[in-house]
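Add chain D to chain P, keeping to what the hints say.
Top line first, the protein sequences correspond to chains P and D. For the first sequence, the working numbering begins at 1 and goes up steadily by one. For the second sequence, the working numbering begins at 359 and goes up steadily by one.
Hints are computed from structural coordinates only; laboratory data are not their basis. None of these values were measured; they are calculated from a predicted model. Here a beta-carbon is modelled for each residue, glycine too, at the ideal position from N, C-alpha and C. Take the hints with a grain of salt, since some may be wrong.
[Claimed, not checked] Simulated coverage check for chain D against chain P, where a stretch passes if three residues somewhere in it have a Cβ under 8 Å from a Cβ of chain P: (1) 364-374; (2) 466-477; (3) 575-587; (4) 658-670; (5) 686-694.
[As the list claims (entries may be wrong)] Computed list of lysine to any residue pairs in SDA-like fashion (alpha-carbon distance at most 25 Å, straight line): (6) 565/D / 229/P; (7) 415/D / 103/P; (8) 344/P / 450/D; (9) 57/P / 72/P; (10) 229/P / 117/P; (11) 702/D / 53/P; (12) 344/P / 437/D; (13) 297/P / 581/D; (14) 702/D / 118/P; (15) 19/P / 297/P; (16) 102/P / 384/D; (17) 411/D / 382/D; (18) 363/D / 699/D; (19) 53/P / 460/D; (20) 460/D / 33/P; (21) 497/D / 613/D; (22) 19/P / 37/P; (23) 207/P / 384/D; (24) 344/P / 432/D; (25) 460/D / 161/P; (26) 102/P / 385/D; (27) 102/P / 432/D; (28) 53/P / 450/D; (29) 10/P / 47/P; (30) 565/D / 437/D; (31) 297/P / 153/P.
There are 2 protein chains.
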Amino acid sequence: MNSLKNLNIKPIENDELRKLLQHNIDQKTKPVGSLGYLEELAIQIGLIQETTKPKLKSPVMLTVASDHGITVEGVSPVPHEITWQQVNNFLNGGGGIGLFCKQFGFDLYVVDAGVDHDFQAHPRLIDKKVRKATRNFLKEPAMTQDECDQAIRNGRDVVALFAEKGSNVVGFGEMGIGNSSPATALLSVFTGLSVEECTGPGCGLDKQGVQNKASVLRQAIEKHGIFDKPEEKLATYGGLEIATMVGGMLEAAQRRMLIVVDGFITTSAFLTAYEICPMVRDYAVFSHCSKEHSHIKMLEYLNGRPLLNLELRLGEGTGSALAYPIIQGSVAMLNDMTSFGEAKVYNVADQKGKGQSE
Amino acid sequence: MNSLKNLNIKPIENDELRKLLQHNIDQKTKPVGSLGYLEELAIQIGLIQETTKPKLKSPVMLTVASDHGITVEGVSPVPHEITWQQVNNFLNGGGGIGLFCKQFGFDLYVVDAGVDHDFQAHPRLIDKKVRKATRNFLKEPAMTQDECDQAIRNGRDVVALFAEKGSNVVGFGEMGIGNSSPATALLSVFTGLSVEECTGPGCGLDKQGVQNKASVLRQAIEKHGIFDKPEEKLATYGGLEIATMVGGMLEAAQRRMLIVVDGFITTSAFLTAYEICPMVRDYAVFSHCSKEHSHIKMLEYLNGRPLLNLELRLGEGTGSALAYPIIQGSVAMLNDMTSFGEAKVYNVADQKGKGQSE
Chain P
1 MNSLKNLNIK
11 PIENDELRKL
21 LQHNIDQKTK
31 PVGSLGYLEE
41 LAIQIGLIQE
51 TTKPKLKSPV
61 MLTVASDHGI
71 TVEGVSPVPH
81 EITWQQVNNF
91 LNGGGGIGLF
101 CKQFGFDLYV
111 VDAGVDHDFQ
121 AHPRLIDKKV
131 RKATRNFLKE
141 PAMTQDECDQ
151 AIRNGRDVVA
161 LFAEKGSNVV
171 GFGEMGIGNS
181 SPATALLSVF
191 TGLSVEECTG
201 PGCGLDKQGV
211 QNKASVLRQA
221 IEKHGIFDKP
231 EEKLATYGGL
241 EIATMVGGML
251 EAAQRRMLIV
261 VDGFITTSAF
271 LTAYEICPMV
281 RDYAVFSHCS
291 KEHSHIKMLE
301 YLNGRPLLNL
311 ELRLGEGTGS
321 ALAYPIIQGS
331 VAMLNDMTSF
341 GEAKVYNVAD
351 QKGKGQSE
Chain D
359 MNSLKNLNIK
369 PIENDELRKL
379 LQHNIDQKTK
389 PVGSLGYLEE
399 LAIQIGLIQE
409 TTKPKLKSPV
419 MLTVASDHGI
429 TVEGVSPVPH
439 EITWQQVNNF
449 LNGGGGIGLF
459 CKQFGFDLYV
469 VDAGVDHDFQ
479 AHPRLIDKKV
489 RKATRNFLKE
499 PAMTQDECDQ
509 AIRNGRDVVA
519 LFAEKGSNVV
529 GFGEMGIGNS
539 SPATALLSVF
549 TGLSVEECTG
559 PGCGLDKQGV
569 QNKASVLRQA
579 IEKHGIFDKP
589 EEKLATYGGL
599 EIATMVGGML
609 EAAQRRMLIV
619 VDGFITTSAF
629 LTAYEICPMV
639 RDYAVFSHCS
649 KEHSHIKMLE
659 YLNGRPLLNL
669 ELRLGEGTGS
679 ALAYPIIQGS
689 VAMLNDMTSF
699 GEAKVYNVAD
709 QKGKGQSE
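Okay, chain P solo, but in the shape it has when bound (with noise of 0.2 Å):
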């Protein structure tokens, strides 16, 4: 593919600026180890930045938004029109993502890679449109190549963009009627798992409307098979959402922007991104655990341990917005956190390895 050329993600490792992360964060007056999981995100993101001094700058939320082909067999109880008013909805600070973006410090940005609407311009929104809509992937692949390809370009020169405006994190959610079912595909045909584990009730499917769905999905794999190549499987049961945002965390990782990834949905992007090239997933936070019972199964496949697990479904990049302030909580500690020097405090582990408190 065009739009993958001149990729080259690096990973983030580096024993001598760990070693440092860790020390640094081993003199901080606590116990060792004691800040748990925001120690580890604490050297990540110092890895990712290659210092031992991280800022998180101007951080960005893409929404990106689409309509499914799919839709019309009756995969989601709800619809289509929901998808483009809920981008003016989004576009006029409302909705979840509108509400949570200015709570915690995200610059919103809608992108609009498929919408089946002729919007009105707007600051807030990116017009990336590929076509109005995927097709219907049980009878045809939801894109062809070029355009999966152009998609993917898309959501590159988007990060690209603010990465060049000062950007270093750059949050991903969605917004797409129907976009549980292609979500539910990619995981099932990326890992192996069946399409009947794989399927849940998305937006709320009652227990048929699940089972028709998982119906739907299994006849569209049996008729396309899994293929080998990521992008065949993107292109044949992906969404112009989902290959955007694939395109916007490969760029992100290149550019080592922290990407903070949100729900079932938005994973399944990173999931497609990361069987492109397995080093983006250096560059991921993973923000929640879904209540769509198959999130946490992409997670283990991806070695992801979510920062909140709250029930969540949503989507729209909420739960992306709402474990920000953890995220700069782990920063903050990194930076600004007194040390045994500065604040007079006995060093035990300086004596035998251990520390103090709880």
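Just chain D now, with coordinates in the frame of chain P:
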């Protein structure tokens, strides 16, 4: 106990208000239920404040500090001088709790409930010292009933003061070398779980240290017995910071404040408050699940769901502070998230009781 006279905590349940809160949340532009535990939290806070428009006012963090006679039995790997050194560190804005209170908007006060040190006066230090450290409860009860009563009274007084100043959120945390021993003993005598099941490494005991600690606690409980009354268990096995927190939590519930509970030791105080008056449960949010392995047993006994699970084991109130943005998010959702009507988004739930999105 004199300190428990005039205690009259009311349950928060109110069917009519709950329905109104649920209705308002279900009008937000999202699938019904899709913000998961955030929605339950918003309803709880609305019920506590008896309004559909709750506000979080002047959140205060009380980090209660004390020393413990039981430390002479080698139950902690670090010297008890760390307690007073850390108190000074916190008062200067240092340590994990100093940092996170600044970051997440808590007004931090350190309550000296029984530290073995003479502090200089400080505007952030509240002197409620009952005595310098508890007694060694392997030999005799940690506190007399009078001392324990005084500590509970002190906690009530401190919280009453902040309530009168307008705070309606109070986070609790602690600092006290050795205090995982009283917390473990309380867990055992309240729940009937064996001392061995309950005992963990605290701030960093090795395997042999954990065995010694369990042995000390088992001997103490065999010597004194398990008692019927929670106040007797508390006086015999507790700590001055724990008893002070018990009083503070009960007073907070009585004044309809939201109580943000920290880790293992703070939860042992909450457990004691709960055994004294189960109604206190309605007012609590459990901020996190500690890495101390038996914290989860405490939370299960209390039917408490932790907001975070980051393997923290620092105490001080750090988990309470880190979880606060999520609490703020839940209240913002209730008050400020757009409704279907405002956003001109089609409300599918009006038609068939379902929602849209992921």
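*Are residue 229/P and residue 117/P close enough, with their CA atoms no more than 25 Å apart?*
violated, 31 Å
*If you draw a straight line from the CA of residue 344/P to the CA of residue 437/D, is it 25 Å or shorter?*
Between residue 344/P and residue 437/D the Cα gap is close to 14 Å, so the pair holds against 25 Å.
*Pair hint outcome, residue 297/P versus residue 581/D [Cα-Cα no greater than 25 Å]*: At roughly 50 Å apart (the allowed maximum being 25 Å), residue 581/D and residue 297/P break the hint.
*CA of residue 53/P to CA of residue 460/D, is that 25 Å or under?*
holds, 19 Å
*Between residue 344/P and residue 450/D, is the straight-line Cα distance small enough, at 25 Å or below?*
OK: residue 344/P and residue 450/D at ~11 Å, within 25 Å.
*Take a quick look at whether residue 460/D and residue 33/P sit within 25 Å of each other, Cα to Cα.*
holds, 22 Å
*Straight-line Cα separation of residue 363/D and residue 699/D no greater than 25 Å?*
With a Cα-Cα distance of about 50 Å, the restraint between residue 363/D and residue 699/D is violated, given a limit of 25 Å.
*Holds or violated: residue 702/D to residue 53/P, with C-alpha atoms at most 25 Å apart*: violated, 45 Å
*Is the hinted pair residue 497/D and residue 613/D satisfied, with a Cα-Cα distance of at most 25 Å?*
violated, 38 Å
*Taking 25 Å as the top limit, are the C-alpha atoms of residue 702/D and residue 118/P close enough?*
Cα-Cα ~17 Å, so holds.
*Restraint check for residue 415/D with residue 103/P, where alpha carbons must lie at most 25 Å apart*: holds, 16 Å
*residue 10/P paired with residue 47/P [C-alpha distance capped at 25 Å]*: holds, 11 Å
Hint compliance for this structure: hints 1, 2, 3, 6, 9, 10, 11, 13, 15, 18, 21, 25, 27 and 31 are broken, all remaining hints hold.
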